[in-house]
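*Asks:* Sequences listed follow chains A and B, in order.
Mapped onto the numbering used here, the consecutive letters of the first sequence carry residue numbers 663 to 1158.
Mapped onto the numbering used here, the consecutive letters of the second sequence carry residue numbers 663 to 1158.
Wrong hints could be hidden among the right ones.
No copy is singled out in the list; a pair is fine if it fits within one copy or between any two copies.
As the list claims (entries may be wrong) - No farther apart than 20 Å at their CA atoms in a straight line, the calculated lysine to aspartate or glutamate pairs in the EDC-like style are these:
(1) K1024 x D1061
(2) K699 x E939
(3) K1024 x D1102
(4) K1148 x D1011
(5) K699 x D1109
(6) K1148 x E947
(7) K699 x D1038
(8) K1148 x E913
(9) K1060 x E915
(10) K1148 x E702
(11) K1024 x D891
(12) K1024 x E837
(13) K1060 x D784
(14) K1024 x E801
(15) K1060 x E790
(16) K699 x E886
(17) K699 x D884
(18) K1060 x E1071
(19) K1148 x D1102
In short, the hints are calculated from the structure, not lab data.
Protein chains: 2
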Amino acid sequence: MSTTTYDALAATWARLHHLSHLQSIASWDQAALMPPKGMEARAAALAEMAALLHRMRTDPALPDRLARAEQEPLDDAQRANLSEMRRQWRLSNALPEQLVQRHQLASSRCEHAWRTQRPANDWPGFVENFREMLAIGREEASLLAAESGLGRYEALMDRYEPGMTTRRLDAIFGEVRRWLPGLIQRVMARQARETLVQPQGPFAIDRQRLLCEQVMRLLGFDFEGGRLDVSTHPFCGGVPEDVRMTTRFAEHEFIGSLMGTVHETGHGRYEQNLPREWLGQPLAEARSMAIHESQSLSFEMQLGQHPGFVRQLAPRVAAAFGDQPAFEPANLHRLITRVAPGFIRVDADEVTYPAHIILRYKIERALIEGEIEAEDIPALWDARMMELLGLDTRGNFKDGPLQDVHWPEGLFGYFPCYSLGAMYAAQWFAAIRRAMPDLDTRIDRGDFTPVFDWLRENIWHQASRWSTDELARRASGEVLNPVHFKAHLETRYLGA
Amino acid sequence: MSTTTYDALAATWARLHHLSHLQSIASWDQAALMPPKGMEARAAALAEMAALLHRMRTDPALPDRLARAEQEPLDDAQRANLSEMRRQWRLSNALPEQLVQRHQLASSRCEHAWRTQRPANDWPGFVENFREMLAIGREEASLLAAESGLGRYEALMDRYEPGMTTRRLDAIFGEVRRWLPGLIQRVMARQARETLVQPQGPFAIDRQRLLCEQVMRLLGFDFEGGRLDVSTHPFCGGVPEDVRMTTRFAEHEFIGSLMGTVHETGHGRYEQNLPREWLGQPLAEARSMAIHESQSLSFEMQLGQHPGFVRQLAPRVAAAFGDQPAFEPANLHRLITRVAPGFIRVDADEVTYPAHIILRYKIERALIEGEIEAEDIPALWDARMMELLGLDTRGNFKDGPLQDVHWPEGLFGYFPCYSLGAMYAAQWFAAIRRAMPDLDTRIDRGDFTPVFDWLRENIWHQASRWSTDELARRASGEVLNPVHFKAHLETRYLGA
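Please construct the entire structure, taking both the sequences and the accompanying hints into account.
*Replies:* As structure tokens, this is what we get:
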């Protein structure tokens, strides 16, 4: 029995998968459970592991092996897997180990400090750590840009959204900026005529938790292969075989946490349904972060804010907290789909949401390209928030630039994926409706299986088998087309 | 600036410490939180890490480096650290990587299956997995014995209790077997005359948890550097910087879980108080498992069952569950110190406990030395339980050989450490009393600081600075002397 070079590479990637597993669980634990004094040791442990994984991914023997494997007789899936290996090698090889370790240490420190700096509104304290994080981000951008020929910010974004360019993004976001302010105005004017009954709290946290778990089950989350816990910034972590979702609860308000959980459940189901027969290989990984967000937003926005879904939600909410006029399905739907400019991105409705992303994109791109410094963020933030949403955020850092975990963690280039994901989600639902004209009737009846079946077949099981453009084309007949997003908003919010 | 070989070795061990951190947290998670479908992937991940750590510990460059470092000018602490490095290298180097990985995989599988096999009383199902675990244990024993010149079982035990021999152990346990049955009879006869009021349940689990956390605080556990969670088999895991204790709760009974928590808190404080300036180096690790158990048993038995401690416990128990006649301090003390032969080791009182250990020692030593097979365990178990404690366990596997996690995990040679620990604990308290004749008065007043101060100075901060015998000599003036254990039992239970 002879082993091919391809097989040897696959074994290397399986080892990477095993070791990354420990890194993922420890990172999740750090965010969800770890007591404060564990911080330094955990940061050191994760940095050690990051360096080790980096060393494995940049093994000097790899380029030759990749080249030899490309000459071997492989089937199409193996060839796609090999090309993803090369992509990962390329991204890793552009960065020296010492920089990777520096990133890991700095982001652990910066994120950990941010947890207390945010509630304390401590912008100067944050900037002190963040300067190092930004310096690292810029260095990564330069190295990745030099390797790929992309622009500096583009090169960072390419790690999350391969193939997306700033030119394409500028076109998409430029278009959105043209119609968004007008749309927000029209929707708000229309909604101002609605009667809205507010829920009366408090909402016991243990009841909220049970409700969230119930809704996760309704959405098909497999608790035999995952958990729901609590963290400051909700996320979906862990590994495909053991998905660790987090949320956060507040006693005075339950909708944010509930819909946040619906959002993360979309991520969770994508991970839980990646092709098992390929698990451990790059081919079995989620395609890109915009595609990942298209799953969370298919769940949270397309399905989760659908009147038929909210009709399923209403009796469960009433059972959890006791019946209230606010929980009447039509009123609950009005509450969940209420459009109002606000400070917090993760609490934003789907209409104003793109404004939050455009703002962050502009700022982080300028940061990475060296046009502005960390100190310039608040002024720019204030100006953009006023311009896009008419909100004054001066001095309110905790609900301003301190609100997201991305910058403390050095995740520059990620934000655009959220809005691209919202656009893809609208595109998926347009495709499902074309294939199944009675989709809305079925959702109205509480039957969500058509959605899950379509996503499983077209997105989840495809994983990284195709490029993002090809995945979109196969699933929906076209590459990303933001027209579906605009149409979705107009239909849902203006009854157009 | 020149770096010594010793410094390079210290850096290697710091890396091992960082990577082991991830292994510890993932192992804790596996036992406390992991959903069932995560099992295979976690087992593979931990096996990969075990192999990696093993490879680092058996780096062919190490023998030469260790030899060169021994020629360098080092202070006594560095020399002790170096000698612990050599010990770890020696233990690792005796086992091939493939066997280490096989152990890790088999123990993950066997332990995971055992979790459901135990409640199902499924001995045949267990044996099927356990055969492989035993085969691995025997292979490890042969390899370690060949390397060290020790006996096969002895060589396994040496990993947990360096320096302890089967000859010494046979002498100690032989002596205990002479006086134990008579002592049990006398204690039971005496206790038969006592009036005992039983607590009336149920005891709400959330109240039990709060009570346990309160008592952990009373015992000085630092929650800023650790947590309490739930697992099938309580243990103290994690890392010194982030200690993860577990317990288990049952609604009908609270004392077992409470005193189990007191036990694990002893382990936890040892870990939390290992010398921080040496953290990451072998010198900063706990001395041995018998010394570790001497800490948990100093907490659970010496201090935890002291009338003065129980007096502190009583009002807290009453506050947790509502006042009851059973919670009157003297009655609570009688409940906690009640002696009665029982099936379950971890629930056993300190008088009958050694019988459980002697039984396991005899069986696992015969298993490892090839005198018996896995299939022979139940008959031997039954015979010994009848002989030592007069209990019939036939057919009751779940409360018999399926009760402990040690064999499913392949931890052969560990059990003796529990009874050695109980003996060391009695020896420590005898030493504290010699140094501080009013110790009992102070404990009666609720002042436990003399105990914590003595343990911190003599045990916790010493870590692996000395051999176990030398540690005992420095702390108490003599090496392990089981006479203190017998005297302790006679004083507490016969008022001698």
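*Asks:* Just pull the numbers of the violated hints for me, sorted ascending.
*Replies:* The structure conflicts with hints 3, 5, 6, 7, 8, 10 and 11, although it agrees with all the remaining ones.
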